[in-house]
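Q: This is what each chain is made of:
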Amino acid sequence: MTRRRLPEWFLLLLPAIIVIAAVVLIPLIFSLYSSFTPYKLTRPSTLWKWVGTYNYEKILTDAKFWAAFGRTVLFLTIALNLEMLLGLGIALMVNKVTWGQRTLRTIVMFPMMFSPILVGFQFKFIFNDNIGLVNNALQSMGFNVALPWLVDGKLALFSIAFAEIWMSTSVFAILILAGLFAIPRDPLEAAKVDGCTPFQSFRHITLPFLMPFIYIAMTIRSLDVARAYDIVQIMTGGGPARRTELLWTLMSRTGYVDARMGLANAMGYVSIILSVVFTIYFFRKLTAARAQIGMEG
Amino acid sequence: MTKSNTLKVLLASAAVFAVSESALASDWGSFDGVTVEAKLIGGQQYEGLYGRIADWEAATGAKVEIISKKSHFEIDKEIKSDMAAGTTSWCVGSNHSSFAPQYEGLYVDLNGLVAAETIAEFVPGNIGASTVDGNLLMLPRAQFDVSVLYYLKSNYEDADKAAAFKTEYGYDLAVPDTWEQVKDQAIFFSDPPNFYGTQYAGKDEAIVGRFYEMVVAEGGNYLDADKKPIFNSEAGQRALQWFVDLYEAKAVPAGTTSYVWDDLGQGFASGTVALNLDWPGWAGFFNDPESSKAAGNVGVAVQPMGSVTRTGWSGHHGFSVTNDCANKEAAVSLVTFLTSEESQLAESAGGSLPTRSAVWKANVAAAQAGDDPFRAESLAAFAKGAEFAFAVPAIPEWGETTNIVYPELQAAILGDKTVKEALDDAAEAVDELMRESGYY
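Line by line, the protein sequences give chains Y and S.
Heads up, the first sequence is in full-length UniProt numbering, so the first residue is 1 and it goes up one at a time.
Heads up, the second sequence is in full-length UniProt numbering, so the first residue is 1 and it goes up one at a time.
Hints listed in this document are in silico derivations from the structure and should not be mistaken for laboratory results.
As the structure is a computational prediction, the values presented were derived from the model and not from experiment.
Don't take every hint at face value.
Stated by the list, open to error - Simulated pairs of lysine-lysine, DSBU-like, Cα-Cα distance not exceeding 30 Å:
1) K166/S with K49/Y
2) K250/S with K154/Y
3) K64/Y with K228/S
4) K58/Y with K420/S
5) K124/Y with K417/S
6) K64/Y with K250/S
7) K69/S with K58/Y
8) K420/S with K64/Y
9) K63/S with K49/Y
10) K154/Y with K328/S
11) K227/S with K49/Y
12) K58/Y with K63/S
13) K417/S with K64/Y
14) K124/Y with K293/S
15) K228/S with K417/S
16) K58/Y with K250/S
17) K77/S with K293/S
18) K64/Y with K77/S
19) K77/S with K124/Y
20) K154/Y with K417/S
21) K124/Y with K250/S
22) K153/S with K361/S
23) K70/S with K124/Y
24) K64/Y with K227/S
25) K69/S with K124/Y
26) K58/Y with K361/S
27) K328/S with K63/S
28) K63/S with K77/S
What the hints assert, rightly or not - Sample of chain S residues with no beta-carbon within 10 Å of chain Y, all distances over it, derived:
29) G48
30) G51
31) S71
32) K77
33) R210
34) P253
35) N327
36) A391
Just so you know, even glycine gets a beta-carbon here, dropped at the ideal spot from N, CA and C.
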């Protein structure tokens, strides 16, 4: 009788499978299960009470949740597009520099090196209406105003977006710069010989080559921004009057402050749709962009 | 060093020496080889008390291992995670009267574990607020909080200002005794963006607590006997309208809706706020020239009254012992030591209000006999203010209700909703929470 042996590929993958199951799969299944319970952190026994889809029904009919959902989509769209445009501009300028480019690249990356919590505190101080740098600068220039940067709905979202963009534009800049380095020189030189203007070369050669890099950056950043928490929590805490409430500030308050982890997990599963939709969208765009420049397959 | 400062240093040194001697002399038990793990509130103002732990260690032979030191809000989150994970075998936890009711089954009932005569030495109101469903969940620390009115004295010493005020409002300008007078004067004193009449905490539990005490001052209440929300009454609307009126008149900083305690304290200390309802811990800070531009110009008065009564939303810190603690006797000894008369004398010397009757008396007597009229004035105001103090409802859902209510209060203040709409929406959501929690 021959001994049955596990296939080698499975044995080789087994440590990874065990680790992934322990740190991803089991918590995922557990959190999915708990979203069907009234689980409260302070009352562990509630974990075993099954309430079916009650939490999901509560969320689907909750205008506050959907307002936070919509605000997150808006915030994501604005922040991502501005970061992309600014990152593209910075990358194009850095690419033109012929002396000290390495130093410049390091400087561009500085904001990425700060913890989001510190960035949040920094901009909370900068935008404080009473003692903040911006209002003090305005007042010293003769404007007798104290703009409520972190209170007014539009200004508060702008202030948070400003902090987020300040911190993360360099992600786009660095990835796009890598794309610029990878562009073959031949088509650009051929275009020059054919009499194309710099804008035409950029529009029809450089940009299509950069699009795969832009979409990779978009995919990574969309997941980052969709779970933006630290900066928002520090700067406004989602307020005032829910004017800057994003999905993660709402979920963290529900789960950790109110201790309603079952409800918070249900919110998490509904909001995952957002990340999935953005990821699918950008991957499709990425595939199309790669096809356009002959990189498919 | 001035004569007065020299005297203070000598008195403080003598007190610390006496306290250390006393700690060694008291019978705190013998716990050789025992290690008590503790999760304590962190902050410079609390370090003096923690410095005394060495005395308890020397007296008992036990060791204290501080495994966490954070703000109460952070400790609260950590404790909830511990409860969920079942990792609650540490022994002593910092607690707060607002947080205590939510930790179901976490902490022991100290009745029976602490001598009845010891419990009787605390202010009965503090023991009442530390008791949930008949269980004494913590021993109150010398950190009792009730707010009184701090004001800039110079505003009441200017004859032109007084005359202009009388012409505009028809009554004499004096330190306000009612919330209506606070509103009038705050609007009168304001010169935004350089100077503001007053300010208030505008988010989280902070604004709900203020709103709560003003609802009661207006003759209403937050919840009824069945725990049903009733703050959307006419009294509640009058209370919220006060916040709205001040905001609309620009008598408070525009960012006040994002302020909590530190922002308020720093704001008054900057000398740009005329009237400030605030906690006892700030008294010394406000009158210290090194930390405050208002120093020397600070007056302290009992909190103003509403149209019906004078009130004070209050709370206090405390220390609790977990049910899962391996050596409860040692933990109870440590908690008793940290809240002892000696500990409270040492801690309240820094400006906080004690929770033991004898320490109150000692502090008031020392202030009256001493050469610090500001300390005497503020202690007298706090002693009076404490008479109107009440604790928040002892229910696990208190914190959650505040998370529902505060965005609605902000919506009214910022003009997104009318006062009635905001309160009705908040009451409806709190009502749903209370139904879900099984109160009715």
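Q: Taking the hints in turn, state whether each one holds.
A: Evaluation of the provided hints:
1. Note on K166/S and K49/Y: the hinted pairing is violated, with a Cα-Cα distance of about 65 Å set against a maximum of 30 Å.
2. Restraint check: the Cα-Cα separation between K250/S and K154/Y comes to about 20 Å, which is no more than 30 Å; the hinted pair holds.
3. For the given pair, K64/Y sits about 22 Å from K228/S by alpha-carbon distance, which is consistent with the 30 Å threshold.
4. The straight-line distance between the Cα atoms of K58/Y and K420/S is roughly 25 Å, inside the 30 Å bound, and the hint therefore holds.
5. In summary, the hint linking K124/Y to K417/S is supported, as the alpha carbons are separated by about 26 Å, within the 30 Å threshold.
6. The hinted pair formed by K64/Y and K250/S meets the criterion: a straight-line CA distance of about 29 Å does not exceed 30 Å.
7. At most 30 Å may separate the alpha-carbon atoms for a hinted pair to count; K69/S and K58/Y exceed this at roughly 37 Å.
8. For the hint linking K420/S to K64/Y, the alpha-carbon distance of about 19 Å falls within 30 Å, and the restraint holds.
9. For a cut-off of 30 Å, the pair hint linking K63/S to K49/Y is broken: about 41 Å separates their Cα positions.
10. The straight-line distance between the Cα atoms of K154/Y and K328/S is roughly 54 Å, outside the 30 Å bound, and the hint therefore fails.
11. The hinted pair formed by K227/S and K49/Y meets the criterion: a straight-line CA distance of about 24 Å does not exceed 30 Å.
12. The suggested pairing of K58/Y with K63/S is violated, with an alpha-carbon distance near 49 Å, which exceeds 30 Å.
13. For the given pair, K417/S sits about 15 Å from K64/Y by alpha-carbon distance, which is consistent with the 30 Å threshold.
14. With a CA separation close to 23 Å, the supplied pair K124/Y and K293/S stays within the 30 Å bound.
15. With a CA separation close to 23 Å, the supplied pair K228/S and K417/S stays within the 30 Å bound.
16. Taking the CA atoms of K58/Y and K250/S, the gap is near 38 Å; set against the 30 Å cutoff, the hint is violated.
17. Distance hint between K77/S and K293/S is unfulfilled; the C-alpha atoms sit about 36 Å from each other, more than 30 Å.
18. A C-alpha spacing of about 23 Å is found between K64/Y and K77/S, which places the hinted pair at or below 30 Å, so the restraint holds.
19. Note on K77/S and K124/Y: the hinted pairing holds, with a Cα-Cα distance of about 23 Å set against a maximum of 30 Å.
20. About 17 Å separates the Cα atoms of K154/Y and K417/S, which keeps this hinted pair within 30 Å; it holds.
21. Between K124/Y and K250/S the CA atoms are separated by roughly 21 Å; this keeps the pair inside 30 Å, and the hint holds.
22. Restraint check for K153/S and K361/S: the C-alpha separation of about 28 Å stays at or below 30 Å, so the hint holds.
23. Proximity of K70/S to K124/Y is assessed by CA-CA distance (about 21 Å); at most 30 Å being required, the pair is judged to hold.
24. With a C-alpha separation of about 24 Å, the suggested pair K64/Y and K227/S falls inside the 30 Å cut-off, and the hint holds.
25. Under the criterion of a C-alpha separation no larger than 30 Å, the hint pairing K69/S with K124/Y is consistent with the structure, at around 25 Å.
26. Simply put, K58/Y and K361/S have alpha-carbon atoms about 53 Å apart, too far for the 30 Å limit, and the pair is violated.
27. Simply put, K328/S and K63/S have alpha-carbon atoms about 14 Å apart, close enough for the 30 Å limit, and the pair holds.
28. With a C-alpha separation of about 26 Å, the suggested pair K63/S and K77/S falls inside the 30 Å cut-off, and the hint holds.
29. The Cβ of G48/S lies farther than 10 Å from every Cβ of chain Y, with a closest approach of about 27 Å, so its non-interface assignment holds.
30. In this structure G51/S is separated from chain Y by more than 10 Å, as the shortest Cβ-Cβ distance comes to about 29 Å.
31. Distance to chain Y confirms S71/S as a non-interface residue, since its nearest Cβ pair spans about 13 Å, more than 10 Å.
32. Annotated as non-interface, K77/S brings its C-beta within 10 Å of a C-beta of chain Y; the closest such distance is 5 Å.
33. Taking the minimum C-beta to C-beta distance to chain Y, about 15 Å, the non-interface status of R210/S holds against the 10 Å cut.
34. Remark: the non-interface label on P253/S conflicts with the geometry, its nearest Cβ contact in chain Y lying 5 Å away (cut-off 10 Å).
35. Every Cβ of chain Y is farther than 10 Å from the Cβ of N327/S; the closest lies at roughly 24 Å, confirming the non-interface assignment.
36. For A391/S, the condition that its CB be more than 10 Å from all CB atoms of chain Y holds, with the nearest at approximately 19 Å.
Comparing the model with each earlier hint shows violations of hints 1, 7, 9, 10, 12, 16, 17, 26, 32, 34; every other hint is respected.
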